[in-house]
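A.B. asks: Assemble the complex: chain A is given as a structure, and chain B must be docked to it using the hints.
So you can see what is in the structure, the chains are spelled out below.
There are 2 protein chains.
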Amino acid sequence: MSVTDPVGFTAAGATAGLKPSGRPDLAVVHNTGPEDSAAAVFTGNRFPAAPVTVSRAHAADGHLRAVVLNSGGANACTGEQGLDDARAMAAATGAALGLPADAVAVCSTGLIGQLIDLRLVGPGIASAARALAADGGPAAAEAIMTTDTVPKQARAGRDGWSIGGMAKGAGMLAPGLATMLVVLTTDASVPPDALAAALQTACRVTFDRADSDGCMSTNDTVIALANGASGIVPDPGVFATALTEVCADLARQLIADAEGASHEIAITVVNAASEDEAVTAARAVARSNLFKCAVFGNDPNWGRVLSALGTTDVAFSPEDVDVSFNKITVCRGGAIGEDRALVDLSGRSVEVGVDLRAGSSTATVLTNDLTYDYVKENAEYST
Amino acid sequence: MSVTDPVGFTAAGATAGLKPSGRPDLAVVHNTGPEDSAAAVFTGNRFPAAPVTVSRAHAADGHLRAVVLNSGGANACTGEQGLDDARAMAAATGAALGLPADAVAVCSTGLIGQLIDLRLVGPGIASAARALAADGGPAAAEAIMTTDTVPKQARAGRDGWSIGGMAKGAGMLAPGLATMLVVLTTDASVPPDALAAALQTACRVTFDRADSDGCMSTNDTVIALANGASGIVPDPGVFATALTEVCADLARQLIADAEGASHEIAITVVNAASEDEAVTAARAVARSNLFKCAVFGNDPNWGRVLSALGTTDVAFSPEDVDVSFNKITVCRGGAIGEDRALVDLSGRSVEVGVDLRAGSSTATVLTNDLTYDYVKENAEYST
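First to last, the protein sequences are chains A and B. If you're matching positions, the first sequence starts at 1 in the numbering used here and goes up one per residue. If you're matching positions, the second sequence starts at 384 in the numbering used here and goes up one per residue.
Only chain A is shown next, with the shape it has when bound in the complex:
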């Protein structure tokens, strides 16, 4: 159930002292297997953090041996000094593990616009490198937490090989994404191109559809490492399915632990003209603050769903649209449907259904409600 479940990976968490709380804040994942395929997906933000720029360069050849991750500082919008610092983190990790710097990816999370204190990170890396162990996955998952309240880990096993994963991310969580950091490991033998293809497939229907607060981070990174230690070359379709399982599991965990949330909301759009339009429609609802506040108030306010849908250019006729909350069709044909009093939103899990009657495509976007605690956490985050 961690990045060290697959054979031939070690990991560790350490305390470098970047977090005022004194909690663990530095993690290393090391691939010790026979192969070193790697693939990565990064934020689409035009202000990519320094570690994103460095990791993109290091992963470009499809090979990585290790990932070093820190919480307690995003090293984003930090200029040339930030780039030097991210490169220094890769070099220090490489030195500790006997690897070239460009075999190491770097991930950082925390406040934007502050330099990382390398005097703390250097000893932290050395300490984590010494602690690397075949059962170190859970410690690594804990060291990358920021406002996360629980570590996120997942696993999928198949005949003789497995995939492990860890993730962090609780705010600024949207496609592209959200100081969302994910490391995926597998002992299957998968060449870089196939790994990249499977990762794209998996991200498209999982992390790209987890939209907690519509805010795109400067640091989002998803890295997959494959070492072939199992000696098994899986069927590409089977591998992509297993990878998607792990990513979907981690995405659900991210949404379930999003900052201040009191409801997990799955918005499923059916009968859209295309899958892209289904995603666009669902995402418009997921980003409506009024809708999100209504769910916080246990209010099946379908008018706010329609008003969000009405801002899109997705194909539908307004008089054909149905909306349901937890299976009760409170809006039928763009107007009043069943009694909203029949809807019970007191549980954490809320299912919103939208039928566009404009085609046959479906997509689900995951989001959260907008709560006092979300505001509190994000008003106080840097102070």
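To be clear, the hints were calculated from the coordinates, so they are not data collected in a lab. Heads up, some of the hints might be wrong.
The list that follows gives simulated cross-link-like pairs (lysine to aspartate or glutamate, DMTMM-like), each with its CA atoms no further than 25 Å apart [unchecked claim]:
(1) K376(A) with D727(B)
(2) K710(B) with E658(B)
(3) K402(B) with D444(B)
(4) K402(B) with E142(A)
(5) K376(A) with D756(B)
C.D. replies: Chain B in isolation, oriented as in the chain A frame:
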């Protein structure tokens, strides 16, 4: 300072009983002057409320004599019955004033997805019609309030003629807009086409750039009535400037009274490649929940400004962008600038400056912070 300031307009507020609070909830504005030019701008939402559909039809010929407005129910997403009800409101108002139904525009605001109780509205209209008075503007402005805490009125005077205005709107406030209802009156003589052109000009740089919560309403309506009672035909440019003044004043009042807000925020983007790009960049910041929470926490979190800008395709080089909070340039060249501790955000008014260094165009978007009270009001609104 009201819609009855210009000569030849009467108005009234009445209590129809639509609001559980028993506060006034019905207003009528009547043009009794020699001319009846009218222009209107409506929500771009694809689920326009019934009164929007009816008013659009009635205003299509450039002539209106009266506007009837109710709070306590939006009559949106109410199907054929809703359309019948909106038409009945126009007819009842016309009957009370001796006008054909299509000389009357209808505006409604309140909860989406509930039918209006015509048994209450009918007597309310009769009562308002009896109360119409040349000093009735303030009573009308009060009767259209929903979660507004104060009525919004404005005025601009020129040589021998004037413009008066009233507005309501406190949530779902964004371009397109936000159960934002506005009535503008003038005793200048302005033909329908010129009135429509001036209204478009004025809305483009005022209401269209007031973006409290990114949510587009189903009911937004801005109606301008010109009756020529002053006998003066103003220069079109002078008229448009005066109308823009009144709209800008009302837009500021809307933002200052937005639901739960503790800060009014003006985001000004300078040196953009075009005015549209300046608006796009400013709006991206205005819609970032994380940015808005930071301002609530008095935190000049420029990283959240950059991360919002980084999601747009507006022309700029990341290493050229400066960001200031209340004139302190906390971000310079996309990286750390002056000490954020120098910024004081304890006042209600916050000025965020963004220099893109990509051209010479400027635009300002007004917004609010995201607060506990916004969540509270919108979680409890319909319950």
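A.B. asks: Against this structure, judge whether each hint is valid.
C.D. replies: The hints, checked one at a time:
As the CA atoms of K376(A) and D727(B) are separated by approximately 20 Å, the hinted pair is consistent with the 25 Å bound. The straight-line distance between the Cα atoms of K710(B) and E658(B) is roughly 22 Å, inside the 25 Å bound, and the hint therefore holds. Between K402(B) and D444(B), the direct Cα distance comes to roughly 33 Å. Violation of the 25 Å bound is thereby established for this hinted pair. Between the alpha carbons of K402(B) and E142(A) the distance comes to roughly 52 Å, so the proposed pair goes past 25 Å and is violated.
Between K376(A) and D756(B) the alpha-carbon distance is near 11 Å, which keeps this suggested pair within the 25 Å criterion.
Of the numbered hints stated above, those contradicted by the structure are hints 3 and 4, listed in ascending order.
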